[in-house]
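Student: Using the working numbering, you'd call the opening residue of the sequence shown number 19 and step up by one each time.
No lab work stands behind these hints: they were computed from the structure.
For glycine and all other residues, C-beta sits at the position ideal for the given N, C-alpha and C.
Do not take every clue at face value.
[Said to hold, decoys possible] For each label pair, taking beta carbons as the anchor points, the in silico distance ranges come out as: (1) 22 with 55: 18 to 24 Å; (2) 143 with 75: 33 to 39 Å; (3) 100 with 37: 34 to 40 Å; (4) 108 with 65: 41 to 47 Å; (5) 35 with 146: 46 to 52 Å; (6) 155 with 83: 35 to 41 Å; (7) 37 with 98: 50 to 56 Å; (8) 57 with 174: 20 to 26 Å.
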Amino acid sequence: MNERRHHDAACVTWTGNAGLGRFALPAYSRAHDIVASGKPVISGSSDPSVRGDPSRWNREERLLASLSARHQPWYLGLCAEAGVVVLAYEDRAEGWMVEEASGAGQFTRVLLKPRVVLASESCLETARAPHHAAGQKWFIARSVNFPIDHEPSLVLAE
């Protein structure tokens with residue numbers, strides 16, 4: 019078997035201590051910074067519904083962005099291999115979650131809604147197939163336990 023292995027690392031540091039530590043749920047901030055070597059800091063928090071700071075990226079938004087950002091290069095690469103010329107690509111990812119009475123929860127579905135601008139009408143049908151193929155190959159999609167669906171909008175350049 020010919021396989022390549024990858025390793026990534028990140029550091030998450032809680033920055034929400036207001037000087038009192040974490041002594042009660044409402045008494046501390048969920049603020050944290052995410053750092054990876056040589057990259058800008060990502061300011062994170064929890065979702066505002068669980069006392070998070072709405073001006074910071076929450077974990078659910080980061081997961082959606084990660085899924086979307088990983089689908090995009092696979093899709094564009096497969097389009098290039100098929101001779102499809104993509105002029106622009108924008109994805110508005112959405113996720114659905116369920117929270118159980120115990121407080122545990124999970125994502126139940128993610129929908130990627132890429133808007134793809136194509137150079138030629140002759141590429142319209144060919145440009146649909148790579149969405150499914152891309153989802154079969156990328157690491158993150160193969161690592162989650164919920165469906166990732168695609169609802170692409172293919173448009174021609176003006």
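Student: Take the hints in turn and mark each one as holding or not.
Tutor: How the hints compare with the structure:
Remark: the range hint 18 to 24 Å for residue 22 to residue 55 is upheld by a beta-carbon distance near 21 Å. Distance hint check for residue 143 and residue 75: the Cβ-Cβ separation is about 37 Å, which falls inside the suggested range of 33 to 39 Å. Checked against the hint of 34 to 40 Å, the pair residue 100 and residue 37 fails, with Cβ atoms roughly 58 Å apart. For the pair residue 108 and residue 65, the beta carbons lie near 24 Å from each other, so the given range of 41 to 47 Å is not met.
Between residue 35 and residue 146, the C-beta spacing of about 50 Å keeps the proposed range 46 to 52 Å intact. As the Cβ distance of residue 155 to residue 83 is approximately 19 Å, the hint placing it in 35 to 41 Å is violated. Our hint of 50 to 56 Å for residue 37 and residue 98 holds, since their Cβ atoms are close to 53 Å apart. A hinted range of 20 to 26 Å is violated for the C-beta pair residue 57 and residue 174, which are about 36 Å apart.
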